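Since the structure of chain A is provided, determine the placement of chains B and C on it from the hints.
Chains as they are written, first to last, in the UniProt record's numbering: chain A, 1 to 459; chain B, 1 to 459; chain C, 1 to 459.
Hints are computed from structural coordinates only; laboratory data are not their basis.
Since the model is a prediction, treat every value here as computed from it, not as a measurement.
The reader is advised that the hints may include incorrect statements.
Pairs involving identical chains hold if they fit within one copy or between any two copies, as the list cannot separate such chains.
Claimed, not checked - Derived DSSO-like pairs (lysine-lysine); straight-line CA-CA distance at most 27 Å:
1. K344 x K428
2. K344 x K219
3. K287 x K219
4. K342 x K217
5. K287 x K428
6. K53 x K395
7. K428 x K342
8. K428 x K284
9. K53 x K130
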Amino acid sequence: LTDQDVCDRLKNTNVRWRLPAVCFVWQLSMIILFGVFVRYNEESDTHWVDYRKGNNITSDIENDFYFRYPSFQDVHVMIFVGFGFLMTFLKRYSFGAVGFNFLIAAFGIQWALLMQGWFHSLDYTDGKIKIGVENLINADFCVAGCLIAYGAVLGKVSPVQLLVMTLFGITLFAVEEYIILNVLHAKDAGGSMVIHTFGAYYGLSISWVLYRPNLDKSKHLNGSVYHSDVFAMIGTLFLWMFWPSFNSAIADHGDGQHRAAINTYLALASTVLTTVAISSLFEKTGKLDMVHIQNSTLAGGVAVGTAAEFMLSPYGSLIVGFFCGIISTMGYIHFSPFLEEKLKIQDTCGIHNLHAMPGVIGGIVGAIAATAATNTVYGDLGLENTFDFTGPFAKRVPTIQGGYQAAGLCVALCFAIGGGIFVGLVLKLPIWGDPADENCFDDEIYWEVRQFLLTFAGN
Amino acid sequence: LTDQDVCDRLKNTNVRWRLPAVCFVWQLSMIILFGVFVRYNEESDTHWVDYRKGNNITSDIENDFYFRYPSFQDVHVMIFVGFGFLMTFLKRYSFGAVGFNFLIAAFGIQWALLMQGWFHSLDYTDGKIKIGVENLINADFCVAGCLIAYGAVLGKVSPVQLLVMTLFGITLFAVEEYIILNVLHAKDAGGSMVIHTFGAYYGLSISWVLYRPNLDKSKHLNGSVYHSDVFAMIGTLFLWMFWPSFNSAIADHGDGQHRAAINTYLALASTVLTTVAISSLFEKTGKLDMVHIQNSTLAGGVAVGTAAEFMLSPYGSLIVGFFCGIISTMGYIHFSPFLEEKLKIQDTCGIHNLHAMPGVIGGIVGAIAATAATNTVYGDLGLENTFDFTGPFAKRVPTIQGGYQAAGLCVALCFAIGGGIFVGLVLKLPIWGDPADENCFDDEIYWEVRQFLLTFAGN
Amino acid sequence: LTDQDVCDRLKNTNVRWRLPAVCFVWQLSMIILFGVFVRYNEESDTHWVDYRKGNNITSDIENDFYFRYPSFQDVHVMIFVGFGFLMTFLKRYSFGAVGFNFLIAAFGIQWALLMQGWFHSLDYTDGKIKIGVENLINADFCVAGCLIAYGAVLGKVSPVQLLVMTLFGITLFAVEEYIILNVLHAKDAGGSMVIHTFGAYYGLSISWVLYRPNLDKSKHLNGSVYHSDVFAMIGTLFLWMFWPSFNSAIADHGDGQHRAAINTYLALASTVLTTVAISSLFEKTGKLDMVHIQNSTLAGGVAVGTAAEFMLSPYGSLIVGFFCGIISTMGYIHFSPFLEEKLKIQDTCGIHNLHAMPGVIGGIVGAIAATAATNTVYGDLGLENTFDFTGPFAKRVPTIQGGYQAAGLCVALCFAIGGGIFVGLVLKLPIWGDPADENCFDDEIYWEVRQFLLTFAGN
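Chain A extracted, bound-state conformation (with noise of 0.2 Å):
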């Protein structure tokens, strides 16, 4: 009694003055900010039909626009509702998958308009940062990253510090991005280093530092019943099957997007197979384990992000998928009880089967990929244009690419550990209403909870 009473006074998860005084406060800051920095750029302003006569541009539908916006919108439906509804599968804490992932979405997307901005689409003749479609695009991909950490830590935070969480992990993204993509000039379309592994290491990191030894108390809690393991295979239908659209968002117009679409389409159906084989292997009496098919059957989407738009051949993609579905499945099964109990990681999602090694394994595919192009395979337009090769860089080769590739994986690595690290020591403290063990994974802490069963009389 007296343990439960210490217990509940140090952990007061009472967020009723915190959470809505950061939402207020954080959401004027960026009216303010959009305010001094951020208006419409050449495609989305008024001045378009100048802009079109001045640059021979025939037809409105050569508006980037046109180009970018259905993708957009399946990166969007995977942002919201493919994160969201693939951590519903907690029995009780399905409010807080998909409430809280809306929340803190909500505000990511915000934060990253300004500070991608700041990096790459600042107007530097009037000091504003100019914003299109892929702008919105890029703002989603940027809250992937922390979404991706969302879910390591899935059940165990309070709202505000996950506020807190992405706060920094769109800050810190949006530097790594620049320094991979601009400074080290690495391509990344589907971000398999950028967006997946710094998401999945900061999450994990951030996870190791809020270590909870007692974290069995709720273990009754950390679990799916039947209908929650249903709503979470909407979250992984949708994520598999817009990641194409992912992997193609911002890839080169025309062929770029064409071949990273396909790419992706590939490897992803390549996982599902090795996925079955790999749970099926492993259960008793050759059953099939729900939680890999919800995850691991998307880690071949993971792996082919950077490579997506590479010549990495169709056959190339299947292999990628082959061996991610198998190292994620296997991961479940091995690797995450092990994270626990010899590392000290609790991992809700297992981010690190889904995340974490598939990014690697896609940075490094992307920079192995980089290497092996040539001039007889991608043409030499095609291999200036995808790769870049113009402005500063016109006399990089593929192999120094390849350096350069691998160079940005070890970039996202640092930034996401060591900026875990400090984003965990300042989550540590005890002012941002986490939840005791024993009230882990349970959405009434947050949540007005009004019913659970459907009970009728008489039925």
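This is chains B and C only, laid out in the frame that chain A set:
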């Protein structure tokens, strides 16, 4: 005992002959009217190949289909999954929510194609309505108004009443839309006035006329269970994610669609944070309420509808969203009880908070934004394009336009309230098979329900 | 006791070695075959930039990717979420529905890319299959046939059997498709014949061969619970909403895609009303049956498939939908019991009502519409474009085309029934791990199921 007997006699919910008769006769009427009136337009007819040549259109990609089809499909998802699942939150009315939504939308889009066609797409050379993808979008929009109205009476009416409500609703919609968009030449890309204000006050007026003083008898069913709230989040998220498509679907090609999407994306992001803030602030211990998250997070999309295409600027959109999240959530907490107790308006889904107030705000924002439009900001051509200051309206200036925008809002309100009261009186006739007070919010009245609970021997 | 023991010995559902072996070996074969045969086509290859210049293509937007990718993604959603969730209606087989659907579709699209590639996309200069976005769509289409067939045997077969069924199904599909589309030169944009008629009769024939006289033993699981019916509506609605994309995805650029979308939109709207009418008419007290709403509302999309691209005219589409809603719902009420009792065909999802009958109707409507085509209605160029009366078919006239359309329907039926019986016999071999009669419709045979009910202490 006798009381209930009397009630049951008065409230005969057997719709066996009435529902099939209405469906058959109305569908046959649609076939006949379509046979007389509706044909393909020049972009969906096999003569397109000749039209292209005649009009020097260089590529098939300039067919309006490619400008609008992706947005159309998103809007379609909002209508059927968005509205349908948003209303599944009731513990025992999910079939009625998603099923009747399906029925009335399927009827409504046909009747809307005719009604809107006569006003907007009539080819005077042959007296035929010529349809293309833009007509499909507009039909979906038109239906949205009726589905909003359904939210007010959810669980309290029969499917026959819903069909009658839709028939009149579409008719009224087409007339008020014609007056607002064509006669007054107001702009309303996302339909804050035409769709949301009209739909919401139409539904609220009907609900006022159909007031049930003894609705408390089915109070135990007027609430959610855990998983029905998760189902509702599917609706919420698809509405939220695809709202940029909704507001940009019929905007001008090029920058118009592009800007409308950006403005909506931002307004909605902002709304989420203030919704969470207010929800947490007004609940004991700062818990969040799913009702607010499911509904108020969408208010920004409603309120930015009219001005979506304007140079609202990114921070302007954030401001609109900021206030709408606050007002809408406050509405659920404070205004809904007042509405029910004092004004005798029973509003099952709280459409007053989600559509009515934000819709009116949207109309006002649109009027202000139009009034404030300048050549400096828009450019000469941009101003002309955005407000269509051409033909008979070539001499109109922004300040005048602002006045007409405000007039448009008044027209929407008048049609909604006047029409709603009239339709409410029609629906009061005791011939439509509506449920008794103790049977409201219960699927078993109109649906074969086999089994509620997932129970098994030994489990 | 001994009876069940014998049964359990006969019916060993341990798929531990068989399922992984099939998945691994088949996936490896895919990799090898893709390595030998599959390459990017000119629009997804880095040489696109050269191809553009060589062919005077002015803009990247004319890459086929931009014409078809939005439709492709919609089709992709139909395959994985649409078919997957439509089948989750069983109270205890939702994992199998959505999970096995996922597995066989992921394998099927790979095998389809090869099979269809050999027939349609083989570059004879280098012996390679060249793939682009249209191939991805066609692979999804091909898989749709097998998923339809899955509906007939849902809950009664093992995942290994499903994979075998898919392997043969795709193979047969590719051949019948080649004969119908290329040899007979019949048109079938939405696949009423090629996909639906074939898939449905293929599945029904298999189910006929696999007839289980004692299926009543698992009767208690062959039904829905409240929330599983709501899950199924997710599938229904995504199929319904995206069907216009399905029927237009591989139609001609420009007016072809545009018209196919309009026709499908209208046919489906009409079907909803007659489905509701018949469902209400034949139930006691006029209640609606979720089975009908989930399935028969889609019949119009099936039946308008072949003629979607033709000048069916809007009212023609409504008429097709009108009758299909009636026939399909009547099928569920009257024909399904007859099929099971008299013809010994157990059809879990009622695919005979949703795909078989509407598919045949679609083939007939297509034949009639082709026969009735005139230069007056289509225009000279329009007629040539729509029916591809070019090359070796330059002299074909509409009346002859109508005959070939009808011949195509017969080919689909022959391949389906012949192939289905053969595959059924293969699946009867006692080596595939199918469930005993008393274990049908039960996820616990092939899935780790942790907990069924959402129960909590004190709740």
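Each hint, compared with the structure:
{"no.": "1", "hint": "K344 x K428", "result": "within (16 Å within a copy, 50 Å between copies)"}
{"no.": "2", "hint": "K344 x K219", "result": "within (16 Å within a copy, 48 Å between copies)"}
{"no.": "3", "hint": "K287 x K219", "result": "both (23 Å within a copy, 23 Å between copies)"}
{"no.": "4", "hint": "K342 x K217", "result": "within (19 Å within a copy, 48 Å between copies)"}
{"no.": "5", "hint": "K287 x K428", "result": "between (40 Å within a copy, 22 Å between copies)"}
{"no.": "6", "hint": "K53 x K395", "result": "between (34 Å within a copy, 25 Å between copies)"}
{"no.": "7", "hint": "K428 x K342", "result": "within (21 Å within a copy, 49 Å between copies)"}
{"no.": "8", "hint": "K428 x K284", "result": "between (40 Å within a copy, 25 Å between copies)"}
{"no.": "9", "hint": "K53 x K130", "result": "within (20 Å within a copy, 32 Å between copies)"}
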